[in-house]
Amino acid sequence: MKEILSIRGLSKSYKNIKAIQNLNLEISEGQAYGILGPNGSGKTTTLSIVTGIIHQDQGSFSWFGKAPDANQRKEIGSLIETPHFYPYLNLTKNLQIICDIKGISYKDIYRVLESARLAERRKSRFSTLSLGMKQRLGIAAALLGNPSVLVLDEPTNGLDPEGIAEVREIVIQQVELGKTLILASHILSEVEKICNHVAILKKGELLANGPVKELLAEDEIIEISCDRNEELKVKLEGSELVKEIETENGLLVLTLNENITPAEINAFAFSNEMVIYHMLSRKRSLESQFLELVKEE
Amino acid sequence: MRRLLHIEQVKLLNYNPFRITLGIYFIAFTLGLLIYPAVDKEIPVISLSDLFRFPDVWMFLTWVTEPYNVLLALIIIMITTKEFNNHTFKTQLIFGLSRTELLLQKLLLIAVLAVFATLLLGLTSLTLGLIYSYKITFKIALENTWVLSRYLISSFAYMSMGLLIALLIKNTALSLLTFLAMRVFVDPVLFLVLRKYEVKWYLPFRTTTQLTPMPDLIEIFQKKVNSSETIDEAALDLLPKGLPAWLNLGLVLLYTGLALYFSYRLLQRRRFT
Numbered sequence: 001m002k003e004i005l006s007i008r009g010l011s012k013s014y015k016n017i018k019a020i021q022n023l024n025l026e027i028s029e030g031q032a033y034g035i036l037g038p039n040g041s042g043k044t045t046t047l048s049i050v051t052g053i054i055h056q057d058q059g060s061f062s063w064f065g066k067a068p069d070a071n072q073r074k075e076i077g078s079l080i081e082t083p084h085f086y087p088y089l090n091l092t093k094n095l096q097i098i099c100d101i102k103g104i105s106y107k108d109i110y111r112v113l114e115s116a117r118l119a120e121r122r123k124s125r126f127s128t129l130s131l132g133m134k135q136r137l138g139i140a141a142a143l144l145g146n147p148s149v150l151v152l153d154e155p156t157n158g159l160d161p162e163g164i165a166e167v168r169e170i171v172i173q174q175v176e177l178g179k180t181l182i183l184a185s186h187i188l189s190e191v192e193k194i195c196n197h198v199a200i201l202k203k204g205e206l207l208a209n210g211p212v213k214e215l216l217a218e219d220e221i222i223e224i225s226c227d228r229n230e231e232l233k234v235k236l237e238g239s240e241l242v243k244e245i246e247t248e249n250g251l252l253v254l255t256l257n258e259n260i261t262p263a264e265i266n267a268f269a270f271s272n273e274m275v276i277y278h279m280l281s282r283k284r285s286l287e288s289q290f291l292e293l294v295k296e297e
Numbered sequence: 298m299r300r301l302l303h304i305e306q307v308k309l310l311n312y313n314p315f316r317i318t319l320g321i322y323f324i325a326f327t328l329g330l331l332i333y334p335a336v337d338k339e340i341p342v343i344s345l346s347d348l349f350r351f352p353d354v355w356m357f358l359t360w361v362t363e364p365y366n367v368l369l370a371l372i373i374i375m376i377t378t379k380e381f382n383n384h385t386f387k388t389q390l391i392f393g394l395s396r397t398e399l400l401l402q403k404l405l406l407i408a409v410l411a412v413f414a415t416l417l418l419g420l421t422s423l424t425l426g427l428i429y430s431y432k433i434t435f436k437i438a439l440e441n442t443w444v445l446s447r448y449l450i451s452s453f454a455y456m457s458m459g460l461l462i463a464l465l466i467k468n469t470a471l472s473l474l475t476f477l478a479m480r481v482f483v484d485p486v487l488f489l490v491l492r493k494y495e496v497k498w499y500l501p502f503r504t505t506t507q508l509t510p511m512p513d514l515i516e517i518f519q520k521k522v523n524s525s526e527t528i529d530e531a532a533l534d535l536l537p538k539g540l541p542a543w544l545n546l547g548l549v550l551l552y553t554g555l556a557l558y559f560s561y562r563l564l565q566r567r568r569f570t
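So the protein lines, in turn, are chains A and B.
1 is the number of the first residue of the first sequence in the working numbering; add one for each residue after it.
298 is the number of the first residue of the second sequence in the working numbering; add one for each residue after it.
To be clear, the hints were calculated from the coordinates, so they are not data collected in a lab.
Values in this document were obtained by computation on a predicted structure and should not be read as measured data.
A hint or two may mislead.
[Said to hold, decoys possible] List time: in silico PhoX-like cross-link candidates among lysine-lysine, alpha-carbon distance up to 20 Å:
| hint | chain 1 | residue 1 | chain 2 | residue 2 |
| --- | --- | --- | --- | --- |
| 1 | A | K93 | A | K134 |
| 2 | A | K74 | A | K123 |
| 3 | A | K15 | A | K243 |
| 4 | A | K134 | B | K379 |
| 5 | A | K93 | A | K74 |
| 6 | B | K379 | A | K93 |
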């Protein structure tokens, strides 16, 4: 797979705060790459460096296998933090400026406004837009010229639920078209819904990265209770069925091994002459898993 | 180049404060010149309209209209700091302009405004000259037009210094204040403080104002009264002589070059968040 963005040993500090420390990332063509982390974890700093608006202290990065320069950014559609445009210009004129910068024709303007559902407002001044509309215009601007790479920093920030769904739909469409997506977000479900790869940042350090399925695998958790809990616990621990067993308020909380269903647990107990009278599926939420990952140390 | 200029054009021609300030500049420039002949009648013996005759009109108007360049510098400060306030430098960067192009954009604008100002001065001087001159020959009319090129440099220098201050301070009101304070207060006060020393002529704003110095009014009025008696200028010491013209010009170019160099360095290093 062709290399799109390669980040090597990137570090950046703001006075005493280490925004990112020795960050390494490799992003290949066609990946939908999520950068996940709580607020202040260095997501925006990372994306600001690779889009040229701030300079790193140490380390380097390369786009498309080449040293960074301004022309590469014309091939990348970016939205970093909140979108900023000329407040007194209307949407069309604002996008014309970006077309001029990218050296592309104005013909694309209507299409991107349409896809962000802003075509009707094209003659309105930017300052008259609502927060959600501004955000959608930011996405529209990123889509100008049909770039092969999209860099989006918290694209659903400040949107209402409907707006969030719309923006996600636009982004998923782009991913389905085979574009490379780099998405920073603090919302786990967003990364899970859109991305196939994820890097988790905390305080500027890379905690983990890999395919979403592996990293954010949903463990199946059930709670059970039978007449002889302690005995069942011992038996289950000796089996290949569970990863982990904990006792909680007189209940056994089981983390199941992959591809094991609750029915098999029931059958196992029954074959050991124990009758389970309480069984509740309690899928461990991704959110808590993410928090756990980030909480470590 | 054309692309960058077009971007500036879209930004500015739709920006009301820019249009208004430029309008004020235009009106102040032309109205100011119309008022001079009007006050003329109130002063006996000497007539100000003598100053509007070829070839003196070029020198005189260049000197009189030099302060209007301050307005042009204020325009540059206003629109540059606005790019910081609106975070639009950032937007232009992420969509593919280089930091050097951000500077180039503003330089092109400065060049366009300087040419505009010089053309405006040239046209008004020509008009007034045609109205007030008794005899007009091609040679007399075009004598002294070289002073326009100095005016062009003077405009460019003012706006370059404005640009540097804007990039340094980023805040609109503070930048405007700093620039005005330098031009109206700091430089003149330093000039007075240093009055005994030659170095007073090396102050940045002083060299720029000296680029288009006060014409020799005494000589002009002498021509008018046809007096054979020459006034001892040295005794009067009305006209401060300053540095030789070539050195003064060299200093202005040096200061402008430095302003642009530091602007470049600032833009290369700035964080645009």
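Against the structure, the hints:
Distance restraint check for A/K93 and A/K134: the Cα-Cα separation of roughly 14 Å lies within the 20 Å cut-off, and the hinted pair is therefore satisfied. Under the criterion of a C-alpha separation no larger than 20 Å, the hint pairing A/K74 with A/K123 is inconsistent with the structure, at around 25 Å. For the hint pairing A/K15 with A/K243, the CA-to-CA distance comes to about 45 Å; that exceeds 20 Å, so the pair is violated. For a cut-off of 20 Å, the pair hint linking A/K134 to B/K379 stands: about 19 Å separates their Cα positions.
For the hint pairing A/K93 with A/K74, the CA-to-CA distance comes to about 18 Å; that is within 20 Å, so the pair holds. Restraint check for B/K379 and A/K93: the C-alpha separation of about 17 Å stays at or below 20 Å, so the hint holds.
Of the numbered hints stated above, those contradicted by the structure are hints 2, 3, listed in ascending order.
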